[in-house]
Structure formats: structure tokens, C-alpha cells
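Student: Sequence order for the protein chains is U and W.
Using the numbering used here, the final residue of the first sequence is 92, and nothing's skipped along the way.
Using the numbering used here, the final residue of the second sequence is 1168, and nothing's skipped along the way.
Hints in this document: simulated from the structure, not taken from any laboratory.
C-beta atoms are modelled at their ideal positions from N, C-alpha and C, and glycine is treated no differently.
Among the clues, some could well be false.
Stated by the list, open to error - Listed next, the stretches of chain W that the computed footprint assigns to chain U, with coverage defined by at least 3 CB atoms under 8 angstroms from CB atoms of chain U:
| hint | region |
| --- | --- |
| 1 | 1112-1122 |
| 2 | 1151-1163 |
To be verified - DEER-style ranges, computed between Cβ atoms:
| hint | chain 1 | residue 1 | chain 2 | residue 2 | range |
| --- | --- | --- | --- | --- | --- |
| 3 | U | Glu90 | W | Asn1005 | 34 to 44 angstroms |
| 4 | W | Leu1138 | U | Glu90 | 25 to 35 angstroms |
| 5 | U | Glu56 | W | Glu1128 | 38 to 48 angstroms |
| 6 | W | Glu1092 | U | Glu90 | 30 to 40 angstroms |
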Amino acid sequence: MADTLTEEKTSTEEAVDRPWNVLVHNDPINLMSYVTMVFQRVLGFSRQRAEKHMMEVHKRGRSVVWTGEREKGEMIVQQLHGYLLLATIEKD
Amino acid sequence: MKFFNYEGKAAEFSGIDPFLAEVIRQILRAANSEDNAAARARIFSSPSAENDELARDWEELVVPELATQFEDAISLLETDLTENLTMGNEEEDFPYSLRIPFAHIDAWLSGLNQARLVLAARHDFSDEELSGGIQPQLASLRDLALYQIAIYGWMQELLLTVLPPPTA
Chain U
1 MADTLTEEKT STEEAVDRPW NVLVHNDPIN LMSYVTMVFQ RVLGFSRQRA
51 EKHMMEVHKR GRSVVWTGER EKGEMIVQQL HGYLLLATIE KD
Chain W
1001 MKFFNYEGKA AEFSGIDPFL AEVIRQILRA ANSEDNAAAR ARIFSSPSAE
1051 NDELARDWEE LVVPELATQF EDAISLLETD LTENLTMGNE EEDFPYSLRI
1101 PFAHIDAWLS GLNQARLVLA ARHDFSDEEL SGGIQPQLAS LRDLALYQIA
1151 IYGWMQELLL TVLPPPTA
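All chains should be modelled from the sequences, with the hints used to inform the complete structure.
Tutor: Right, dumping it as C-alpha cells:
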């Protein structure tokens, strides 16, 4: 019985704590150099990391650029929208 | 057209012909998404495809902030176009120059991006059309819009080269 309760509690905690992903989606207008600059500014990426995610967006259509709590994720999406990037937040 | 760093204070485009000067002035009109639903939807894109509540809250709380931010950028462009898009010797073929203070470059990147996104959404260009580069002949408003997208993108590329490296 004790084991069952522990499992239920753990399962609930995992559901609540499941992280949120911020995704950036490809669009044919935003310049590669511009997207790289935005990733560096908003997400604090190094140039190399920013270019890696930019290329992932370009080639695969989207890239998960951040994972964590919802509130912080929404702030990041707002910043990315401020730069006119196509960004969404989704539960992991 | 030439592009250079003006005394470490501004980015300057020079050697601009009258037609290109008018294309640059048209950024303000091109960036306006008010009368086109597709353009507005692209400028104020949804933060989630699967969470309607978040999308509704976003429209109510975040979109007005973003709208103000975008309008502020356009206001700075308007100022620069009024004060800093100047004509030198009118007898020259390329008499115009545009000086953009470094402090305004972010606003220009935003304004140019707004204009490109609105034009692309308004005309529903395909990826193939958008990757076609600058059109040799402008036979329609659609051709002109593609030309504007290419020129504004080229200006963005050049302005990015004079930005200081981002600090994390």
C-alpha cells in the first residue's frame, strides 16, 4: 500500500513538473544572420550555438531553443515575438 | 549604393538614386498590417497552436505591448526618413544618402522586418518567389513588393554588420 501511494505521488509530481519547450519555427523571410543575432541576444547563446539552432530551424523547420518553467518560457516567447520570430511554447 | 560606418556614430547608405530613395520611404507604408488579416496574423503570431486559453490571454495582454513596441520602432524610422534621408547634388544620378544613428539600428531592423513580413503575407509569396532575388523588371505591384522585400533584406544584412556583438 505504501509503495502504491508513493508511485501515485511521484506520477502526479511528474505531471505537474513536466517542463515547457520554447520552439522557433522556420519562415522564409527572417534572415539567417538576423535569427542568429536574436538567439544570442534573447537566449544568451554563443554564436556557435545560435548558428546551430538557426540551422536546425532552417533545415528541420523548427528547433527547441529553451526548456523550463512555463512563466519564464512565455517571457522568452514574448521577447522572440518582439523580434518577429515565429515562436511557440508547448508542454514537453 | 554604398554602405559605411560614419565616424563611429551612424550607419550610412549613400549613392541612392531617386527611385530607391522612394522605395526606402515606402517602408513605413509597407510595414502597416492594419488592413490585412494575414499580415496582422504574421506580425502578431500565436504563442501556441494547442492552447486556446494561452492564445486568448496573449491577444489581450501581450499583443498590445508588442504593437506599441513595433509602432515605436516605426516612429524612429519616420524621424530618420524625414531628417536623415537627404539629397546632395540634385544633378547627380545617385544624389540621396540615409544616415542611421547606431542607437536607431534596432528600430530599423524591426521596421525592415515588419515591412518584409507584411509584404510577404499580403502578397502570399511562395518560397520559390521569395528566393528569386531582385527582379530585373518591375511589371506589377507584386514585382515591386518582391523588390522591396529583397532591398529591405539587403539593408538588414548590412545593418547587422555594424551591430556590436551581443552580450549575454
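Student: None of the hints should be skipped; say for each whether it holds.
Tutor: These are the hints, each one checked on the structure:
1. 1112-1122: holds (count 5)
2. 1151-1163: holds (count 5)
3. U/Glu90 - W/Asn1005: 34 to 44 angstroms: Holds: the Cβ-Cβ distance is about 42 angstroms, inside 34 to 44 angstroms.
4. W/Leu1138 - U/Glu90: 25 to 35 angstroms: For U/Glu90 against W/Leu1138, whose Cβ atoms are near 42 angstroms apart, the range 25 to 35 angstroms is violated.
5. U/Glu56 - W/Glu1128: 38 to 48 angstroms: This hint is violated: roughly 23 angstroms between Cβ atoms.
6. W/Glu1092 - U/Glu90: 30 to 40 angstroms: violated, 55 angstroms
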